[in-house]
Structures are given as C-alpha cells and as structure tokens.
Amino acid sequence: MSGAGPMENRKRIAIEAKPQVEIDAALVAPGLALELDEFRRLMEQGGISVLCERGIGEDAGLYRASFYHGGRRVRLVVDGNGAPVPQAAS
272 MSGAGPMENR KRIAIEAKPQ VEIDAALVAP GLALELDEFR RLMEQGGISV
322 LCERGIGEDA GLYRASFYHG GRRVRLVVDG NGAPVPQAAS
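All the letters of the sequence shown, read from the start, carry residue numbers 272 to 361 under my numbering.
These are computed hints drawn from the structure, not numbers from a lab. Just so you know, not all the hints are guaranteed correct.
[Claimed, not checked] Across the chosen pairs, the derived CB separations fall in these ranges:
1) Glu309 / Ser337: 13 to 21 angstroms
2) Tyr339 / Gln291: 17 to 25 angstroms
3) Glu306 / Gly328: 37 to 45 angstroms
4) Lys282 / Arg312: 36 to 44 angstroms
5) Arg281 / Gln316: 31 to 39 angstroms
6) Arg311 / Arg281: 37 to 45 angstroms
7) Cys323 / Arg281: 17 to 25 angstroms
8) Asn352 / Arg281: 33 to 41 angstroms
9) Glu306 / Lys282: 40 to 48 angstroms
Bear in mind that the values here come from a model prediction, so they are computed numbers and not experimental data. Glycine included, C-beta positions come from ideal geometry on N, C-alpha and C.
Please work from the sequences and hints to get the whole structure.
In structure tokens:
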C-alpha cells in the first residue's frame, strides 16, 4: 500500500496465538432449550452462533464463550485453567 491513508494513524491490533477451547455440549444445550443430539447437529450445520472472547485489562486471563440460538443465549466464563468463573446476574 502506498501513501498515507486513514489506516495509518489507527491503533494496532494485537494478534497472538489463540488457545484451543473445547466446551462440553451438556453445559450449553439445556440453556438453549435443546437436546444434546440437536445441539451437536446444529453446531455442525452452523445453526448456532458462537462468540469466544479473551479478557484484557482487569479481565485478563479470563475467556468467555457465548452461544446464540433461537433468541436464547448461553454465556460461560472460565479462567486460564478452565475453571468456571461466577458471573453477576444480568
């Protein structure tokens, strides 16, 4: 790319190796009102949206996975060792 453009002055985004996260379907399916087999089928077909986030600042070392389907959301937060972190009711 040549010349100065609008992207020249923007803050850089840190890109690091991403840890592999595996979550047992039995922890998520009930919160989405799904049976395990249906949950797995929908995951394979892309029928469930998933967002995984890594905490920064005061949340550094935490990971949050959010699952969305049919107007429902299940959110799980764990520490760097995979231990569940209690969440405040929202």
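Tested hints:
Between Glu309 and Ser337 the CB atoms are about 19 angstroms apart, so this pair conforms to the stated range of 13 to 21 angstroms. For the pair Tyr339 and Gln291, the beta carbons lie near 21 angstroms from each other, so the given range of 17 to 25 angstroms is met. For the hinted restraint 37 to 45 angstroms between Glu306 and Gly328, the CB-CB distance of approximately 38 angstroms keeps it satisfied. Look at Lys282 against Arg312: about 41 angstroms separates their beta carbons, and that is inside 36 to 44 angstroms.
Between Arg281 and Gln316 the Cβ separation comes to about 37 angstroms, which falls inside the hinted range of 31 to 39 angstroms. Remark: the range hint 37 to 45 angstroms for Arg311 to Arg281 is upheld by a beta-carbon distance near 40 angstroms. Distance hint for Cys323 and Arg281: a CB-CB separation of about 24 angstroms, consistent with the stated range 17 to 25 angstroms. Range check, Asn352 to Arg281: Cβ separation about 34 angstroms, and the 33 to 41 angstroms hint holds.
At about 45 angstroms, the CB distance of Glu306 to Lys282 agrees with the hint of 40 to 48 angstroms.
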